[in-house]
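Protein chains in written order, with this note's numbering: chain A, -4 to 256; chain B, 370 to 427.
Just so you know, not all the hints are guaranteed correct.
[Unchecked claim] Across the chosen pairs, the derived CB separations fall in these ranges: (1) B:GLY379 with A:ILE170: 23 to 31 Å; (2) B:ALA398 with A:ASP190: 17 to 25 Å; (3) B:ILE393 with A:TYR37: 51 to 59 Å; (4) B:PRO374 with A:TRP116: 19 to 27 Å; (5) B:GLY379 with A:ILE144: 42 to 50 Å; (6) A:ILE40 with B:MET407: 18 to 26 Å; (7) A:ILE21 with B:VAL390: 15 to 23 Å; (8) B:MET400 with A:ASP43: 34 to 42 Å; (9) B:ILE393 with A:ILE129: 20 to 28 Å; (10) A:ASP43 with B:MET407: 18 to 26 Å; (11) A:GLN80 with B:ALA402: 27 to 35 Å; (12) A:LEU200 with B:VAL390: 50 to 58 Å.
[To be verified] Result set (BS3-like, lysine-lysine): computed pairs, CA atoms no more than 30 Å apart in a straight line: (13) B:LYS380 with A:LYS110; (14) B:LYS380 with A:LYS115; (15) A:LYS110 with A:LYS14; (16) A:LYS14 with A:LYS115; (17) A:LYS82 with A:LYS228; (18) A:LYS228 with A:LYS14.
Think of the hints as simulated: they come from the structure by calculation, not from any bench.
For every residue, glycine included, the Cβ atom is placed at its ideal position computed from N, Cα and C.
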Amino acid sequence: MTHLPGRGLTRLDSTLFGKGLRGLSIATTVTIATALALVFFYAPIDADQGFVQKIFYVHVPLAIVALIGFVVAAGFAVAHLRTRQVKFDHLSYVAIHMGIIFGVAVLLTGSIWAKASWGKWWVWDEPTLVSFLIVFLLYVTYYPLRYSIEDPERRARFSSVFAITAGAFVPINFIAVRLAEGFVHPRVLNTTAGDMPGEMRLTFLVSLAGIALLYVTLMKLELTAKHTRGQLKRLRRLLESEEAEVGPSGSPLASVPARPE
Amino acid sequence: MPALPLDEAGKYVAGAYGVFVTLILVYVAIMGARLQRMERELHALTELAERRRSRDRS
């Protein structure tokens, strides 16, 4: 935390989350465009499932990235509890936020794939689907927990504890599903690196890279917006307090309602 | 269940990729709205700072 002398302005941190966002956005766009070209013009049509198998290249990378995002959020939460730096709480929150958005996409694309492959939108006796839904619902409870606590320091601490506990549940859940007996759901990354032909594996890996880059880009975008909003709020408070000292003169700020950070 | 014919499978594939693209677009639209709000607030703050500056000069 640094104090700017003579102005009474306190700056919590000088982190610029938007740094490198342009390059990252370009890399994401190029990788996703390449992945889409590979999916529809290069990867062979699956002999068993046919054209429907193309959903695999968006559904599975989304699921992998969402789950890794939850684990990464737990890592940031550990860093927050160790250092008490606010930026780690923000990083943990945004990683979970993005994981939930990606989780919605996983559930929707998975449902569509299930309908096309199995004739049903949802199959309750399939451990992979149900376990993902449980993880997703667990993380959805993060929002009410976080926003029910007003004190920012307590909120950050409690949110970090939640992120660590839930983050530990993700790999346990993954292992439990692997040990489950029902192997109806296709295994993608098994011990023999899957039975995919080379073209399919390459397409899958490029898609995974594209989705991972998208996750990082959106995370940076969200962090930049959150950080900018915080800075604006502080600037507004400072100007308002100085205005109050000088005397009211029809502040234009009155026309813009302050929003909670 | 046997593999679906291409015309029927195509609808499901388009649906899945459509969901993905729609979610991204909705997210971008929300971010756009937030950016607009921040721009308005920044504009108001700039106005206030400029007014104070002209008052300090006079």
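Worksheet item: Taking the beta carbons of LEU200 (chain A) and VAL390 (chain B), is their distance inside 50 to 58 Å?
Response: Given a distance of about 21 Å, which is not inside 50 to 58 Å, the answer is violated.
Discussion item. Run the distance test for LYS82 (chain A) versus LYS228 (chain A): straight-line Cα separation, threshold 30 Å.
Written reply: holds, 16 Å
Discussion item. Range first: 15 to 23 Å. Now tell me if the beta carbons of ILE21 (chain A) and VAL390 (chain B) are that far apart.
Written reply: holds, 19 Å
Worksheet entry | 30 Å limit on alpha-carbon distance, applied to hinted pair LYS380 (chain B) and LYS115 (chain A) | Between LYS380 (chain B) and LYS115 (chain A) the Cα gap is close to 16 Å, so the pair holds against 30 Å.
Worksheet entry | GLN80 (chain A) paired with ALA402 (chain B), Cβ distance criterion 27 to 35 Å | holds, 29 Å
Discussion item. Against the range 34 to 42 Å, how does the distance between the Cβ atoms of MET400 (chain B) and ASP43 (chain A) compare: consistent or not?
Written reply: holds, 40 Å
Worksheet item: Holds or violated: 17 to 25 Å for the Cβ distance of ALA398 (chain B) and ASP190 (chain A)?
Response: violated, 40 Å
Discussion item. Taking 42 to 50 Å as the stated bounds, is the beta-carbon spacing between GLY379 (chain B) and ILE144 (chain A) within them?
Written reply: Holds, since GLY379 (chain B) and ILE144 (chain A) (Cβ atoms, about 48 Å apart) stay within the stated range.
Worksheet entry | Pair hint outcome, LYS14 (chain A) versus LYS115 (chain A) [Cα-Cα no greater than 30 Å] | violated, 45 Å
Worksheet entry | Status of the given 19 to 27 Å range, CB of TRP116 (chain A) versus CB of PRO374 (chain B) | 20 Å Cβ-Cβ, so the 19 to 27 Å window holds.
Worksheet item: If you check the beta carbons of ASP43 (chain A) and MET407 (chain B), does the distance land in 18 to 26 Å?
Response: Once the Cβ atoms are compared, 50 Å apart, the range 18 to 26 Å for MET407 (chain B) and ASP43 (chain A) is violated.
Worksheet item: LYS110 (chain A) and LYS14 (chain A): Cα distance at most 30 Å?
Response: It is violated: about 42 Å lies between the C-alpha atoms, which goes past 30 Å.
Checked against the numbered hints given earlier, the structure breaks hints 1, 2, 3, 6, 10, 12, 15 and 16 and satisfies all the rest.
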